[in-house]
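J.: Residue strings, one per chain:
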Amino acid sequence: MSAPTAAIDAPSPPRPAAYLVCLRGIVWREGLRFLHQRERFVAALVRPLVWLFIFAAGFRSVLGVSIAPPYETYVLYEVYIAPGLVAMVQLFNGMQSSLSMVYDREMGSMRTLLISPFPRWFLLTAKLLAGVAVSLLQVYVFFAIAWFWDVRPPPLGYFAVLPALIISGMMLGALGMLLSSAIKQLENFAGIMNFVIFPMFFASSALYPLWRLAETSPLLHDICAFNPFTYAVELIRFALYGQVNWTALGVVAACTAVFLGAAIRAYDPAKGLIARRGGPGGPGRG
Amino acid sequence: MTATAIPALEIDSLSHAFGARQALDQVTCAIAPSQHCVLLGLNGAGKTTLFSLITRLYDNASGHIRVFGHDVRCQPRPALRHLGVVFQQRTLDLDLSVLQNLIYHGALHGLPAGQAKRRAEEELTRLGLVERAGDKVRKLSGGQMRRVEIARALLHRPRLLLLDEPTAGLDMDSRQAIMDHVQHLCRDQGLAVLWATHLIDEVLPSSQVVVLHLGRVLAQGARDEVIAAAGAGDIREAFLKLTRDSCATVATGEATQA
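Sequence lines, in order, name chains A and L.
For what it's worth, the numbering used here labels the leading residue of the first sequence as 52, then goes sequentially.
For what it's worth, the numbering used here labels the leading residue of the second sequence as 687, then goes sequentially.
These are computed hints drawn from the structure, not numbers from a lab.
Some hints could be false.
[Stated by the list, open to error] Some chain L residues flagged as far from chain A (calculated, every beta-carbon gap over 10 angstroms): (1) Q786; (2) A819; (3) A915; (4) A916; (5) K927.
[Said to hold, decoys possible] Computed from the model, here is a short list of chain L residues facing chain A with C-beta under 7 angstroms: (6) T741; (7) R767; (8) D781.
Quick caveat: nothing in here was measured; it's all calculated off a predicted structure.
Here a beta-carbon is modelled for each residue, glycine too, at the ideal position from N, C-alpha and C.
Given the sequences, and given the hints that come with them, work out the whole structure.
T.: What follows is the structure, encoded as structure tokens:
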């Protein structure tokens, strides 16, 4: 069969405005889906609030936190762990988005996303931003409730923290996306809980300052210092007090780039894991 | 070369394997614009694999797939823009309304919400579903969901429609309604259609037929040509004869090797 000499022109290529339409559509759908899953919203809020109301109250007397940047005075333990809990909200959300991607893939709606004529890197990034938008909603509701619990960062902090939340949400979402390309089935989410969420959360500066860890266990301190989640927490913590932690920003930005790059590669039909494994819906469907 | 000489879909020596299992073996076929082509094969024949390769879900390592002359490997984006796809699995968001699903799909193809809504209403009207536009997809019957999926696949005005076992699990009436609708699209709008199925009575008198069995194309051409070439009385007999002969060949080959 001979190759045709000319191809029929496609309709005009997507213009920048069309990219925006596509991005808005993806975010809008994610938002609608989230609103339909009220249990998910409640669960996303209850989790950090339990930590704040119960865990932090219990440990307030045990763990004294001395003055360390960005805090200018002694702070209550609740105040110390609030940024960590915010990062935890985003961590769960990122993993939950990855769960929904596995679900989407099994149910085939990932297919409808991937047959869009927009470039795949753009579709995946848009999907990621949609997840971040949902996490922002959860985070600000958490902030609002925590305010009544005397976790009151300076008012400007609530604005300053927004860019930090976007980038940390991107990092955690990209990690989830990367994992979603490697998970074969929904059931493996329990494994993610055990092997990703818990170690990332506990081996970080979310619950205890790193310098305190160094006194008791240098090894644990080193592990925490290698954990990208620690930097997400610190980025949020400093931003909440109107400061930039440049190291944290650098690490989080670099990790985002690496995770996102790897996830895009994993979803690339030519190179990715999907092609190697036989694709959505399991290998070798007739 | 005039535009009409370019096939809507052209598949050239396409092979694909999952590990040791050869899912597609040197598949070659073509569909002209406004042609209704039935890809006939049993479960496991390689139909879904072929669809996954055409839609770039996975990469074809060998052979070529061209959609209106655009190689899906080198120019995936113009190729995808011409494609409307109805997958075998249901792919609508059950908790979103029919219209929300369609607007989302429109956005994925760069259609602003207003335009997508207008087109969605047009397509739904044609399918007799416009009064269900505000309902959650969960409330629809299987046949209605399928029709919504067809409306969705047509929203960005593709010129080639792929349907992977679109009537699976539907009752006779819904099946007939969908077959009629797609036939009309073909005839009235010049849409090229690739209709994968294992149901022989979905082959229309005017259809082109590609018989796929165990990853290989056993026969292709207009329905009557395929029947005549197989020396059969009707398409059912032709299909059984072709697939049986092919199994016999495979068995003989294995016996010789042993």
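J.: Check each numbered hint against the structure and report the violated ones by number, ascending.
T.: 1
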